[in-house]
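K.L.:
What follows is the residue order along each chain.
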Amino acid sequence: MRFLFHKLLPPVLVAVLFLLLWEGIVVVFEVQPFLLPSPIRVAESAAEHWDRLLWATLRTGGSALAGFLIAAATGIILGSLLGLSRWLERGFYPPTLLLQMVPLIAIAPLFVIWFGFGASSTIAATVVVAIFPVIASTLGGIRSTDPQLLELFRFHRATRLQTWWKLQLPSASPSIITGLRVSAGLSVIGAITAEFVSGYTGESAPLGSLIIASVQNFQTALMFAAVLISSVIGFVLFGMVNVLGWIILHDWYGERTR
Amino acid sequence: MTDPGSHDAPASPALQLSEVGMVYPNGFTALSGLSFQLEEGGFLALTGPSGCGKTTVLQALAGLIRPTSGRITVGGDDPASANHVACCFQDPRLLPWRTVLENVCLPLQLAGVDRADGVQRSREALSRVGLADAASRLPRELSGGMRMRTAIARALVVRPRLLLLDEPFGALDEVNREQLDDELLRLWEEDRMTVVIVTHSLREAVYLAQRVLVMDSGPGALVADTEIAFGPRTDSTRTDHRFNDEVGRVQRIFRSERAS
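The listed protein sequences correspond, in order, to chains X and S.
In the numbering used here, each number is its position in the first sequence, counted from 1, plus 283.
In the numbering used here, each number is its position in the second sequence, counted from 1, plus 1.
This is chain X alone, in the form it adopts within the complex (with noise of 0.2 Å):
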């Protein structure tokens, strides 16, 4: 009960708080449904198109969990692989940078003509998206890793796949984990961005999709609805690493780790 009153109920009370505060502006200023639906509005919308927007859940949420894992794993072998060597880290440090750099839109179009509509260009965007911070924090935590422990295991003649995998890797993880929680959030935002270009409409359009056809069909209701929806798989997404960074971490960093 004391963890429901003091850990749920404050973003609960704002939330509805919110949802109150926006009705009322809605019917109290007599809003364009077009403009701004009310809450209830974006409700009965969502319930309206429930099977379309279920069919673009799960295609946007795949997209972005996808591209997410290859991005998560790409990350961390790219990242301890710089990590190898001062000299790989100079050579491959700037065009990793340039994948950070480069507007995804402006090169979600190349994707279309690399993979096509549909899903495997939105995946592709999203890696490109969300790979970097796994890289940098991957580098990063190896980089830090206590030169002691690596004089001990220079001691006992450890290999480098040994000192990578015992040593190097685990000190990284609070590091790694940071970075997968930034590249979570990034993997949903490349994802519906991609789809804004690469997307296809009709029965079974991603989210990226559906926005653009509901704006362009004055349907603002179920734009609201996706654009939510948007943001849940974001935080499930974002959920699912802070679940694998307590399960990783909570032994040895206790009541550190949040």
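Incorrect hints may have been included.
Cβ-Cβ distance ranges computed for the label pairs, FRET-style [as the list claims (entries may be wrong)]:
1. S/D118 x X/F288: 47 to 57 Å
2. S/D118 x X/R369: 34 to 44 Å
3. X/P430 x S/S82: 44 to 54 Å
4. S/G145 x X/M523: 31 to 41 Å
5. X/M384 x S/R72: 49 to 59 Å
6. S/A133 x X/E434: 55 to 65 Å
7. S/E142 x X/L527: 17 to 27 Å
8. X/L367 x S/R253: 52 to 62 Å
9. S/E228 x X/P430: 29 to 39 Å
10. S/A117 x X/A298: 52 to 62 Å
11. X/H289 x S/A117: 39 to 49 Å
Chain X stretches covered by chain S per the calculated footprint, using a threshold of three residues with CB under 8 Å from any CB of chain S [to be verified]:
12. 435-444
13. 447-457
Sample of chain X residues with no beta-carbon within 12 Å of chain S, all distances over it, derived [to be verified]:
14. L291
15. F312
16. F317
17. W333
18. I360
19. L367
20. P378
21. F398
22. Q431
23. L432
24. I531
25. L532
Hints were generated in silico from the structure; no laboratory data involved.
This one's a predicted model, so the numbers in the text were calculated from it and none came from an experiment.
Where a beta carbon is used, it is the ideal one built from N, C-alpha and C, also for glycine.
With chain X fixed as given, assemble chain S onto it according to the hints.
P.N.:
Showing chain S alone in chain X's frame:
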């Protein structure tokens, strides 16, 4: 390979340094013309003021650094390829995410020892340092003394013929330090491995070792090499006037060498 238990193995020195010098890349001369050897099963203490190069000697014996001149052999081999050498550093150096047992097991895992065998040997090593009950705890749940015991167990688990210790108990309080000194002596009496301990405390050096080497800085070299003429250590040794006389004798050697 000779059987470590046989007593008529040839008395080859466990370690030998001849004219060892160490100049760091920044030009600092840490060691110059250092020579000594130690017989198998000997207990040697290296002592001297800070910066005299005693830790450098230990790192060279551990194969972690290579001297810039002279030659070191450990059991006839190059230190970087010698086997059955264990090292305790100034701090315990435990992996915080591993339990005590898994930390002790680490050297065996790195050497590719079979898992069940490794766990068995780690448990034996832990019970030898009185930590059998702490096997599943994490380092952060242990006191400083218990962490150091874990590090000693991790050294014992490789069944060392040469045990190197670099001011291992320097960070502990006096009661803990004396207790661990006594345990170290007990372990040495049971196993009779060769021990080299670096300590800045002359008292600790005289209490533990059969032979004490005193070094001085500028550049690091031996100023004294003396056998400790004192019988088995007992509970009353530390307050025995003969022990204090012996400490005083080594102190006087050091001072006179320094003055000259």
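K.L.:
Does each hint hold? Answer for all of them.
P.N.:
Structure-based check of each hint:
| no. | hint | in the structure |
| --- | --- | --- |
| 1 | S/D118 x X/F288: 47 to 57 Å | holds (53 Å) |
| 2 | S/D118 x X/R369: 34 to 44 Å | holds (39 Å) |
| 3 | X/P430 x S/S82: 44 to 54 Å | violated (23 Å) |
| 4 | S/G145 x X/M523: 31 to 41 Å | holds (39 Å) |
| 5 | X/M384 x S/R72: 49 to 59 Å | holds (54 Å) |
| 6 | S/A133 x X/E434: 55 to 65 Å | violated (29 Å) |
| 7 | S/E142 x X/L527: 17 to 27 Å | holds (24 Å) |
| 8 | X/L367 x S/R253: 52 to 62 Å | holds (54 Å) |
| 9 | S/E228 x X/P430: 29 to 39 Å | holds (38 Å) |
| 10 | S/A117 x X/A298: 52 to 62 Å | holds (54 Å) |
| 11 | X/H289 x S/A117: 39 to 49 Å | holds (47 Å) |
| 12 | 435-444 | holds (count 7) |
| 13 | 447-457 | holds (count 3) |
| 14 | L291 | holds (31 Å) |
| 15 | F312 | holds (57 Å) |
| 16 | F317 | holds (55 Å) |
| 17 | W333 | holds (46 Å) |
| 18 | I360 | holds (21 Å) |
| 19 | L367 | holds (18 Å) |
| 20 | P378 | holds (33 Å) |
| 21 | F398 | holds (40 Å) |
| 22 | Q431 | violated (5 Å) |
| 23 | L432 | violated (6 Å) |
| 24 | I531 | violated (9 Å) |
| 25 | L532 | violated (8 Å) |
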